[in-house]
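Undergrad: So the chains spell out like this:
Protein chains: 2
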Amino acid sequence: MLETISTTRAHGGTQGVYRHTSTATGTPMEFSVFVPDHEEGARLPVVFYLSGLTCTQANVTEKGEFRRACSELGLIFVAPDTSPRGEGVPDDAEGAYDFGLGAGFYVNATEAPFDKHYRMRDYIEEELPALIAAEFPADMQRQSIMGHSMGGHGALTIALRNPERFKAVSAFAPIVAPIDVPWGQKALAGYLGEDRAAWREYDACALVTDGARVPDILIDQGTDDNFLHDQLHPHLFEEACAQAGQPFTLRMQEGYDHSYYFISTFMADHLEWHAVRLG
Amino acid sequence: MLETISTTRAHGGTQGVYRHTSTATGTPMEFSVFVPDHEEGARLPVVFYLSGLTCTQANVTEKGEFRRACSELGLIFVAPDTSPRGEGVPDDAEGAYDFGLGAGFYVNATEAPFDKHYRMRDYIEEELPALIAAEFPADMQRQSIMGHSMGGHGALTIALRNPERFKAVSAFAPIVAPIDVPWGQKALAGYLGEDRAAWREYDACALVTDGARVPDILIDQGTDDNFLHDQLHPHLFEEACAQAGQPFTLRMQEGYDHSYYFISTFMADHLEWHAVRLG
Chain A
1 MLETISTTRA HGGTQGVYRH TSTATGTPME FSVFVPDHEE GARLPVVFYL SGLTCTQANV
61 TEKGEFRRAC SELGLIFVAP DTSPRGEGVP DDAEGAYDFG LGAGFYVNAT EAPFDKHYRM
121 RDYIEEELPA LIAAEFPADM QRQSIMGHSM GGHGALTIAL RNPERFKAVS AFAPIVAPID
181 VPWGQKALAG YLGEDRAAWR EYDACALVTD GARVPDILID QGTDDNFLHD QLHPHLFEEA
241 CAQAGQPFTL RMQEGYDHSY YFISTFMADH LEWHAVRLG
Chain B
280 MLETISTTRA HGGTQGVYRH TSTATGTPME FSVFVPDHEE GARLPVVFYL SGLTCTQANV
340 TEKGEFRRAC SELGLIFVAP DTSPRGEGVP DDAEGAYDFG LGAGFYVNAT EAPFDKHYRM
400 RDYIEEELPA LIAAEFPADM QRQSIMGHSM GGHGALTIAL RNPERFKAVS AFAPIVAPID
460 VPWGQKALAG YLGEDRAAWR EYDACALVTD GARVPDILID QGTDDNFLHD QLHPHLFEEA
520 CAQAGQPFTL RMQEGYDHSY YFISTFMADH LEWHAVRLG
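Chains A and B, in that order, are what the protein sequence lines are. Numbered by our numbering, the letters in the first sequence go through residues 1 to 279 in order. Numbered by our numbering, the letters in the second sequence go through residues 280 to 558 in order.
With the rest of the complex left out, here is chain A (with noise of 0.2 Å):
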């Protein structure tokens, strides 16, 4: 059962903001979706964005600038939760912002106390698509999916091991070797345990080397992010594409930082670039 939160008339289309009951992630569960005005009984394509560590859907619902391309080139817009949240939904021990609760770095988790709720990867790619396909008026044969940082890392690794469902895959400076940099060991460990054969399927630079392939992946990185020497590392993305054949463009974008000033400027490029290989 979908409630709706609140509906809101912009740039031509209506923003929407819905809760739900997530059987995956065994809590309630919000996420935006933004519809471009259409013809009665028209299906739309779909563009999915997974947000970065802290988020919740209104960060990219209010600071985004995405409604005005997504309108002229007709995609509806999905913006889910970063995580599980509510009573009885565990957090990191000691509250840090990079585990836990807006941290859900779109796996499901088999360590307890975590394998309970944090179930974002079933949430992302079973139930959120299935409420999507009932509710909106969605064209499901074309979908893509882009995100944020953390965001970017769910996008590229969901997008990798489902070739067949997305038409096409792009991310604003994301986490490509969460194996390799702390905010990935921190959740990977967490979440999977200690065992890293198991994580391998959640990293990006993994899943191309271990012979994952798309169509082609849009990567934008800000030169003056202050993640990008310890965090984000987009050079071993580029490596593992460039040895494994896998076509990848990254866009080094000069003076840009990690922040929504970032991100909604290259927004309407990312959304073009969807909307050519959604058809």
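It is possible that some hints are incorrect.
Stated by the list, open to error - One side only, chain B facing chain A, incomplete, derived with CB under 8 Å:
#1 R288
#2 A289
#3 H290
#4 A337
#5 E341
#6 K342
#7 E344
#8 D503
#9 Y535
#10 D536
#11 S538
In short, the hints are calculated from the structure, not lab data. C-beta atoms are modelled at their ideal positions from N, C-alpha and C, and glycine is treated no differently.
Given chain A, work out where chain B should sit, using these hints.
TA: Here is chain B on its own, set in the frame of chain A:
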């Protein structure tokens, strides 16, 4: 002395947030400025944007979706705060949102205790433009002004009192007749006292009726705005302009509300309208 709180690259320009000690208000004041990339030595036209009740500079800076259009059109965008703030600044007696902090109404208060700090008219009319002229690559021969709700009231009244300064004025869902509506009556009585003759220079309808003129005015108003029928009454301004021969365009926007979803939708339109008049 201008203190830089932050500068961030965005949409091919620089989004800055600044603080200074205002002589007009006797308090620290924060404002944001977006400066598009430009040739060295170039001076760009300036758009002042005045925000509504409860806002700071941050609302439009984060949600206004003005940067792309400003960059394309070569416009500097300045967003001041809506009131003085800080220790010793008196607020509404009951802490209501519609008077005191976040609700300066762009007047010079004459009633104690507000007369000491609530001098937003002097701040916007005198001090801020001098600071912008001194510190930014601004062509002060090409200024315009816009605003939302209480800030639309500010933009209209300031432009009507200073027709030589501004080449364009527009507003989103402005308070056009504060003398006649609850928000305005509370604010003007509180800041100016009960003599309604003193209110007329802060009422767009009264100013036009009393002879003030600008070349033309653009207003967008959502039909689903919760405040339309109690506080905004754009038809009062339409009637005043028609009677006075003041050129005026009112666009009723079907289904839009009072929020930044509405503002961001029509922001680029307004900036294009300003750019034509700024030359």
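Undergrad: Next step is simple, just say for each hint if it's right about the structure.
TA: Right, here's what the structure says about each hint:
Below 8 Å, beta-carbon pairs count as interface contacts, and R288(B) has one with chain A at about 4 Å; its hint therefore holds. Evaluation of the A289(B) hint against chain A yields a held restraint, the C-beta minimum of about 4 Å falling below 8 Å. Annotation: H290(B) was flagged as interfacial toward chain A, and the flag holds, the nearest CB pair being 5 Å apart, inside 8 Å. Nearest Cβ of chain A to the Cβ of A337(B): about 11 Å, over the 8 Å cut. The hint is violated.
Nearest Cβ of chain A to the Cβ of E341(B): about 5 Å, under the 8 Å cut. The hint holds. Proximity of K342(B) to chain A holds as hinted, the smallest CB-CB distance being about 5 Å (cut-off 8 Å). Given the 8 Å rule on beta carbons, the hint for E344(B) holds: about 5 Å separates it from the nearest Cβ of chain A. Because the beta carbon of D503(B) sits about 7 Å from the nearest beta carbon in chain A, less than 8 Å, this interface hint is met.
With a least beta-carbon distance of about 5 Å to chain A, the hint placing Y535(B) at the interface is held under the 8 Å criterion. Annotation: D536(B) was flagged as interfacial toward chain A, and the flag holds, the nearest CB pair being 6 Å apart, inside 8 Å. With its C-beta approaching chain A no nearer than about 6 Å, S538(B) sits inside the 8 Å limit, and its interface hint holds.
Violated hint: 4 only; the structure is consistent with all others.
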